[in-house]
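Based on these hints, arrange chains B and C on the given structure of chain A.
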Amino acid sequence: MIDDDFVKSLLGGRDFLNLLHQEDCLTLSCDSSHLVSFCEHLRDNETFDLLVDLTAVDHGVDAENRFSVVVHIYSLVHKSYLRIHVDCPDNESPSIPSICGVFPAANWHERETFDMFGIVFDEHPNLKRILMWDEYPYHPLRKEFPLAGIEVPLPAADVSEVTGAAVDPAPMMGGPFVSSGSSRISESEPRAKDESWTEKTEKPV
Amino acid sequence: MSTTVKEVQVGDVGARAEMHADDGKMTLNVGPSHPTTHGVLRLLMELDGDRITRCEPVLGYLHRGDEKIAENMTYNQFVPYTDRLDYLAPLANNVAYAITVEKLAGVQLPERCEAIRVLICEMARISSHLLGMGVFGMDAGAWTPFMYTFTEREKLYTLFEELTGARFTTSYTRIGGVARDIPDGWLPKVEKFVDELPKALDEVEKLLTRNRIFLDRTEGIGTISKEDAIAFGITGPNLRASGVDLDLRKDKPYSGYEKYEFDVPIGTRGDCYDRYLVRIEEVRQSILIIKQVIATMPTGLWYAEDAKKIFAPQKEKIMTSMEELIQNFMIVTEGPQVPPGEVYFEAENPKGALGFYLVSKGGGVPYRLKIRAPSFCNLSILEKLAPGHMLSDITVILGSLDFVMGECDR
Amino acid sequence: MVSDEYGYNSKVEGEVIVTRADAVVNWIRKHSVWPMPMGLACCAIELMASAASRYDISRFGMEVMRFSPRQSDCMIVAGTVTYKMAEVVRRIYDQMGDPKWVVAMGACASTGGMYRSYAVMQGVDNVVPVDVYVSGCPPRPEALLDAMMKLQDKIGREPAVKNLSKTPETAPLS
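Residue numbers (this note's numbering), protein chains in the order written: chain A, 51 to 255; chain B, 33 to 442; chain C, 5 to 178.
Derived by calculation from the structure, the hints in this document are not laboratory data.
All values derive from a computational prediction rather than experimental measurement.
Among these hints, one or two may not hold up.
Below, simulated BS3-like cross-link-like pairs (lysine-lysine); rule was C-alpha separation at most 25 Å, straight line [what the hints assert, rightly or not]:
id, chain 1, residue 1, chain 2, residue 2
1, B, K258, B, K282
2, B, K187, B, K323
3, B, K135, B, K416
4, B, K258, A, K58
5, B, K284, B, K135
6, B, K57, A, K129
7, C, K104, C, K154
8, B, K291, B, K221
9, A, K58, A, K129
10, A, K193, B, K291
11, B, K282, A, K129
12, C, K170, C, K158
13, B, K135, B, K187
14, B, K416, B, K57
15, B, K393, B, K258
16, B, K224, B, K323
17, A, K129, B, K258
18, B, K282, B, K135
19, B, K393, B, K135
20, B, K416, A, K178
21, C, K166, C, K154
22, A, K193, A, K178
23, A, K129, B, K323
24, B, K284, A, K129
A few chain B positions that, by computed beta-carbon distances, are all more than 10 Å from chain C [unchecked claim]:
id, residue
25, P64
26, G71
27, V72
28, K100
29, M179
30, D216
31, T255
32, Q324
33, A336
34, M362
35, V391
36, Y399
Don't be surprised by glycine CBs; every beta carbon is placed ideally from N, CA and C.
This is chain A alone, in the form it adopts within the complex:
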């Protein structure tokens, strides 16, 4: 049972942990240097042994701590989830230790987080891109990357030679119409955020 005694005993003596909230499940924040040992303790002593998800959140280009990795673990005994937020210390080249040794399920999740955000996981056995092709230069889920994409050459050079195709930014005109809702209604008409740009055409403001 996840009750106050459980939370107290979990946090007791571990000053690298902070209780953030318990609205939908127990949410803690953990220091990146103690992550691996805490996960081992959770798996061996507290029956939290099913890693369900590992992902990251980009808090914006101007945020103080830009990237934070979010880990969700499930316990079959307590029948409840546990969420751990881990802030990445560096904003330019974020990296945290990998928990593949504790949970083998984390292997592919960490590869995906690296692919989408550029967060490096130390001592990961095979940190390669998994969803985009290996030579893709950008990390798509970062906030400054446009949805439409940036022009890069097609991964297979011979195909692009013959067909003339390239990875072009997708046309956003007529795209999802969303209103920003922050200013007066007359100024926040729903319009597609036309974000397609290349080196030749400037990004529209």
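Only chains B and C this time, still in chain A's reference frame:
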């Protein structure tokens, strides 16, 4: 002795083999386009004769950027994208996504809406498992069960079309309810379908379950132990076939599942045959649940009436009353207003536990939506599972894991 | 073959029909189009449904869905083509023998569909030449069968005999 590599050009799709002269192993590329019908998965395999020594799956051939798209759309505009995640059971994905957002928004649903959602989730489960088993039979070499299960699925498609307007990719749920109420005369048709389904299921079982060839191809193949299954994050029928009792409908019931009585089949050995048996039994249990839902279907509304900034009011009121008109305008242009916070919710989908992690900073557009796809996690065990088996076992293993690349790559 | 393509007078010719070579070649080709299903995403399920018993594609002679490009005539691109997959689609198209046709099934294959994002190629016609586009998300099996019938009409209008001596327009990969 220097290593000589002899390149052999084989004209067939996806097979280019290089022979290593020193250790005799062959690299085989089962390319993204291949006869097993699970979608675009590429396997880089190293073979020692006919035995697999290394198998590395390459994903990403269907990565469409759903999570980035979600950051640019309102909550209701994203519902069609959830259809196309696990495109064999689109209604179940819709329900899981809607419940996630409703949890964060704090919306309480009326009982009829919850019962409708349980009904369509179970019908989606039947649809997905029927296709999974038909294709599994086809992977093992049997063509007929595929035809039988597809005939049953066509009947389901007709029912879905009457309810939602589309055969599949239904986009039926909205945040705060469902798109429209059940039409008159639909529930008796569903009841007739589930009354006739056990007969068709028996025919498929007669062809496969005690079939000597099928047993030889699936028993003892692809055995996943309990510890491995938990360590690799596997959920759903694959996990239950390995002997772990985890079913989110029983352990963390959502949308009124606690009102219905059903059993959860658990396997013993964790091989391909067990996974097949678990799925067949789950279809039978879904039939029971559907019968109970139809017998006890509550009356009432199919949407949350008090969710003022979240669910658009009814058309008659919009056309006649000013307040409802403005409400509808705000919800359609700015999106359902969800308070800031984060939530993680998993639903028991036919393929496993489909989870949505939603971070909202207020407003009608999510800040971050992570889709925890069951097929992504189920497939990660393939690297450990495949070595030691024969080459022809790979199709059977892939068929029994029952994954869908639309979900895996998002 | 339509009646203006052949002449037949039983008293004169007996059991011989006089026609054009084009008409015969096209008639044979269009009634046994063997599709190569490039089933990538959700449209593949509708493709399988059109091959199943309710919307029988076998009535048109097209049930031979071999996954080998060497043995097929028509590539049905069913589903979203991402940039990572585009190379594979092109290579398989090149491995098909002439004459070959391409059907872009569904919104994603025709123009990128509702996925306007960094990873989706906006239409498979960026890498292969397409003959018939089918709209729908996914198109109903009847729509796909209608598209195959339009493809049959298109095949019927081809100058088959002249094409026999021509080199293919699209350069294959080396």
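A quick look at each hint next to the structure:
no.	hint	verdict
1	B:K258 to B:K282	20 Å, holds
2	B:K187 to B:K323	17 Å, holds
3	B:K135 to B:K416	37 Å, violated
4	B:K258 to A:K58	31 Å, violated
5	B:K284 to B:K135	14 Å, holds
6	B:K57 to A:K129	46 Å, violated
7	C:K104 to C:K154	15 Å, holds
8	B:K291 to B:K221	23 Å, holds
9	A:K58 to A:K129	19 Å, holds
10	A:K193 to B:K291	43 Å, violated
11	B:K282 to A:K129	10 Å, holds
12	C:K170 to C:K158	18 Å, holds
13	B:K135 to B:K187	33 Å, violated
14	B:K416 to B:K57	18 Å, holds
15	B:K393 to B:K258	40 Å, violated
16	B:K224 to B:K323	10 Å, holds
17	A:K129 to B:K258	18 Å, holds
18	B:K282 to B:K135	19 Å, holds
19	B:K393 to B:K135	15 Å, holds
20	B:K416 to A:K178	18 Å, holds
21	C:K166 to C:K154	22 Å, holds
22	A:K193 to A:K178	21 Å, holds
23	A:K129 to B:K323	28 Å, violated
24	B:K284 to A:K129	7 Å, holds
25	P64	5 Å, violated
26	G71	7 Å, violated
27	V72	6 Å, violated
28	K100	6 Å, violated
29	M179	6 Å, violated
30	D216	25 Å, holds
31	T255	29 Å, holds
32	Q324	29 Å, holds
33	A336	27 Å, holds
34	M362	24 Å, holds
35	V391	20 Å, holds
36	Y399	18 Å, holds
Checked against the numbered hints listed earlier, the structure breaks hints 3, 4, 6, 10, 13, 15, 23, 25, 26, 27, 28, 29; every other hint is satisfied.
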